[in-house]
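Given these sequences and hints, build the entire structure.
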Amino acid sequence: EDQVTQSPEALRLQEGESSSLNCSYTVSGLRGLFWYRQDPGKGPEFLFTLYSAGEEKEKERLKATLTKKESFLHITAPKPEDSATYLCAVQPEYNNNDMRFGAGTRLTVKP
Amino acid sequence: DAGVTQSPTHLIKTRGQQVTLRCSPKSGHDTVSWYQQALGQGPQFIFQYYEEEERQRGNFPDRFSGHQFPNYSSELNVNALLLGDSALYLCASSSTGTYGYTFGSGTRLTVV
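If you read the protein sequences in the order shown, they are chains A and B.
Here the first sequence is numbered in the working numbering, starting from 783 and rising by one per residue.
Here the second sequence is numbered in the working numbering, starting from 21 and rising by one per residue.
Among the hints, a few may not be true.
To be verified - Using C-beta positions, here's what the derived DEER-type ranges look like:
id	chain 1	residue 1	chain 2	residue 2	range
1	B	L102	A	T787	25 to 31 Å
2	A	A835	B	L59	19 to 25 Å
3	B	P28	A	P822	25 to 31 Å
4	A	K824	B	Q38	36 to 42 Å
5	A	T787	B	L59	17 to 23 Å
6	A	K839	B	S115	19 to 25 Å
7	A	P822	B	Q38	24 to 30 Å
8	B	G104	A	A835	25 to 31 Å
9	A	P790	B	A100	33 to 39 Å
10	A	S806	B	G117	46 to 52 Å
11	A	T849	B	S115	25 to 31 Å
12	B	T29	A	E797	30 to 36 Å
13	B	S115	A	S810	21 to 27 Å
14	A	K839	B	D82	39 to 45 Å
Hints are computed from structural coordinates only; laboratory data are not their basis.
Fair warning: this is a prediction, and the values are worked out from it, not measured in the lab.
All residues carry an ideal CB built from backbone N, CA and C; glycine is no exception.
Okay, structure coming up:
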């Protein structure tokens, strides 16, 4: 069965303290892996799509990487406005009508 | 360019009642998916609509039903509400042949 596990569940950082969020996945053929940002009471906001192992994408202070079993979201010199829940989701090759989400990592960046 | 629009934003219903949630997809998108997100959890797939038909369904009971209209907008209906149905209901739209979804801000349903 397809599974997505995110760690840690919660992460508290000081402003400027870089760190990484992990997304481990098990899927029978990966069509795409997605990272979303979700603010409280809002819908997920798209960040990145990764398709194959070795791929990397960057946006401002965020960088996403992908291996055959996991993805990392690296946050460099975070600011308080980066505080949010970061969700990882996989879309399997055999079923591109469903996106399987992890439970998310709740990031808090303190000034 | 309007993104995905959902209504209402908040709703309080009594156990046993029925509810209808509405979604207008992003311009140019023809596929609508519905997700349920319980507090502290990731979104869970309910079903997807394309060409006015349910294309796929997640592990949700028949109390959850939907509809897609010719203009691609969609409704989610939940009958015989249970306390456990309290959640954020998210609508996501996409375009055939592309990857990834655009999400709306959701409808917060509280069942009392």
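Next item on the list: Go through the numbered hints given earlier and state which of them the structure violates, listing their numbers in rising order.
Entry: Failing hints, ascending: 2, 3, 4, 8 and 10.
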